[in-house]
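Undergrad: Now for the letters of each chain:
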Amino acid sequence: MNNEIDNIGDLFRNTLKDHHIDSDAHLWNRLETQLSAQPPISVPKTSVIHHLTWVKAAVAASVIISAALAFNYIYLPFKNATTNTHSNKSIQTIENKIDSPLVQNEVQNSQIETKQKLISNPNKLIVSKKDTKTDDNSFLSNNNSPSSRSDNSSIINQQHNSVTNTSPNSIANNSPTQNNTAVKVASKKDSILQSINNNIDKNQSETISQNTTFHQDLNKDNDLIKDADIPNIFTPNSDGINDYFVIKNIEKCNSNHLVIKDRNGRTIFEKLNYQNDWDGHNVADGVYFFFLKYNANNNNLGKMGSITIKRQ
Amino acid sequence: MHKNISEEKLIEGCIEGNRYAQKMLFEKYRSLMFAICMRYAKSKNEAEDVMIEGFMKIYSSLNDFKRKGSFEGWLKRIMVNAAINNYRSNLKHYYNSTIDDDNFLELKDEKDNFKTNYSAEYLINLIQGLPDGYRMVFNLYEIEGYSHKEIAEIMNISISTAKTQLFYAKKTLQKKLTKINQDEMY
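Chains as they are written, first to last, in our numbering: chain A, -17 to 294; chain B, 74 to 259.
These aren't lab readings, by the way, just hints derived from the structure by calculation. For glycine and all other residues, C-beta sits at the position ideal for the given N, C-alpha and C. Fair warning: there could be bad hints in the mix.
[As the list claims (entries may be wrong)] With a straight-line Cα cutoff of 20 Å, these simulated DMTMM-like cross-link-like pairs (lysine to aspartate or glutamate) come out: (1) A/Lys292 x A/Asp261; (2) B/Lys101 x A/Asp(-8); (3) B/Lys141 x B/Glu194; (4) B/Lys115 x B/Asp205; (5) B/Lys96 x A/Asp6; (6) A/Lys230 x A/Asp209; (7) B/Lys115 x A/Asp267; (8) B/Lys101 x A/Asp6; (9) A/Lys38 x A/Asp6; (10) B/Lys236 x B/Glu194; (11) B/Lys117 x A/Asp0; (12) B/Lys236 x A/Asp(-8); (13) A/Lys(-1) x B/Glu81; (14) B/Lys244 x A/Asp(-8); (15) B/Lys117 x B/Asp137; (16) B/Lys149 x A/Asp259; (17) B/Lys101 x A/Asp4; (18) B/Lys236 x B/Asp205; (19) B/Lys236 x B/Glu217; (20) B/Lys96 x B/Glu81; (21) B/Lys117 x A/Asp244.
[Unchecked claim] Here chain B is said to cover these stretches of chain A; the calculated rule only asks that three of the stretch's residues, wherever they fall, bring their Cβ under 8 Å from a Cβ of chain B: (22) -11 to -3; (23) 4 to 18.
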């Protein structure tokens, strides 16, 4: 008997000592998200030479990008009503030129910043042009195409909306203050929730209406959905109790948009005008994240946090 | 691809924060590291969490790797530490029993040779089915090779508790192996 027990240690050790197991492809995305959330690492003095080369390359890249930006912001608006896709295409060609691995890191970061800037202030110059009334008519008539007129009006709307916002993909800082046992999970993950949503959603347009943006620091008393109106956990086990993800007062909102993602940032559920009917039937028990945008009292608001499914 | 990049250059690149180098390091060692995480965690989700934390610790500690000894061994140690930290922070949710319990996982059908040849997946399933304290002690002693004294310090228990937990861990595993074998005979 004892021999067998001793051998068990050997059995497990020999089999598992250098064992390899495949893991989910999305793990790198998660890791990268956390790495990006860190402040840049200061380079140790031993690799000063590498640092210099890197700096030179980064400066060169910045110059090219500034030139591209100048081209987009100054030259093109004089030609046509610029659309977002056009600006992005110019950046895309610049991206293709810069492919050295040493430069990749810094260039990617500044490109991401650039893209975000472009998205949030797509037509800054056009609007400022529109503000000078005397030249208005002549400016428009030079364009000749009838569509440019309607384009400009929607552009003005975009600009108006984006004034009240930092970036279309961020949600107002009404991060729910969870005040029960799920606090630990929520607080651990809150800090990366924003970056998950930003990184994954960069090209999606998740909006209630066209380009909906959010007001910050709303008076909490005016908020139709309080933080406590959203549960941290529900138990879809057909016992009739908490079988659905129920958000109190959501029916009182004019419109809403709910997205549920898993821990790897993949969207597993999405609904416009959600009416408390999700039972998580397509996913396993575990911790997920909700991103709720809703319109209440003519304010566009947002909430995000964690939601646990436990069927017990 | 940069298949022949030296370990030295890879480490340097990671220290500088080069995302490409960091990704290469991750891809090179991820399967080995994940196997360690799967042994210490009780589920795949938990193993993934430990893996992420472990690699974050690896990246931030690379500057302290003094280039002596095996790099792989150094990585493994960090990952095991991450697993231990995860265990400690989850302690109040964990189940530590000195009573042998008969909770079996649903295991895949395996055509095993009687008592000699078990697949790694099978064994890991058995380990994950252990009560958490047993699993920690068993891993640390039998696979990582820590002493009873070191394990007692790591887990903040007495040496005799550490020894007892190890004994119960092995007994539980043995019982599960025997039962499976018996089931297969009929």
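Undergrad: Look at each hint and say if it fits the structure.
TA: How the hints compare with the structure:
Of the pairs offered as hints, the one joining A/Lys292 and A/Asp261 holds, with about 11 Å between alpha carbons and a cut-off of 20 Å not exceeded. This hinted pair does not check out: B/Lys101 and A/Asp(-8) have alpha carbons roughly 27 Å apart, beyond 20 Å. Our distance criterion of 20 Å between C-alpha atoms is broken by B/Lys141 and B/Glu194, whose separation comes to about 33 Å. For the hint pairing B/Lys115 with B/Asp205, the CA-to-CA distance comes to about 8 Å; that is within 20 Å, so the pair holds.
As the CA atoms of B/Lys96 and A/Asp6 are separated by approximately 15 Å, the hinted pair is consistent with the 20 Å bound. For the hint linking A/Lys230 to A/Asp209, the alpha-carbon distance of about 10 Å falls within 20 Å, and the restraint holds. Simply put, B/Lys115 and A/Asp267 have alpha-carbon atoms about 15 Å apart, close enough for the 20 Å limit, and the pair holds. Among the hinted pairs, B/Lys101 with A/Asp6 is consistent with the structure: their alpha-carbon atoms are about 14 Å apart, no more than 20 Å.
As the CA atoms of A/Lys38 and A/Asp6 are separated by approximately 37 Å, the hinted pair breaks the 20 Å bound. Proximity of B/Lys236 to B/Glu194 is assessed by CA-CA distance (about 26 Å); at most 20 Å being required, the pair is judged violated. In summary, the hint linking B/Lys117 to A/Asp0 is supported, as the alpha carbons are separated by about 19 Å, within the 20 Å threshold. Restraint check: the Cα-Cα separation between B/Lys236 and A/Asp(-8) comes to about 17 Å, which is no more than 20 Å; the hinted pair holds.
In summary, the hint linking A/Lys(-1) to B/Glu81 is not supported, as the alpha carbons are separated by about 25 Å, beyond the 20 Å threshold. Distance restraint check for B/Lys244 and A/Asp(-8): the Cα-Cα separation of roughly 14 Å lies within the 20 Å cut-off, and the hinted pair is therefore satisfied. Note on B/Lys117 and B/Asp137: the hinted pairing is violated, with a Cα-Cα distance of about 30 Å set against a maximum of 20 Å. At roughly 46 Å between alpha-carbon atoms, B/Lys149 and A/Asp259 are farther apart than 20 Å, so this suggested pair is violated.
For the proposed pair B/Lys101 and A/Asp4, the alpha carbon gap of about 12 Å is at most 20 Å, so the pair holds. For the given pair, B/Lys236 sits about 15 Å from B/Asp205 by alpha-carbon distance, which is consistent with the 20 Å threshold. Our distance criterion of 20 Å between C-alpha atoms is met by B/Lys236 and B/Glu217, whose separation comes to about 15 Å. With a CA separation close to 15 Å, the supplied pair B/Lys96 and B/Glu81 stays within the 20 Å bound.
About 14 Å separates the Cα atoms of B/Lys117 and A/Asp244, which keeps this hinted pair within 20 Å; it holds. Under the rule that three or more residues need a Cβ within less than 8 Å of chain B, the assignment of the region -11 to -3 of chain A holds, with 6 such residues. A stretch counts as covered by a chain when three or more of its residues have a beta carbon under 8 Å from one of that chain; for the region 4 to 18 of chain A and chain B the count is 10, and the coverage holds.
Hints 2, 3, 9, 10, 13, 15 and 16 from the earlier list are contradicted by this structure; the remaining hints agree with it.
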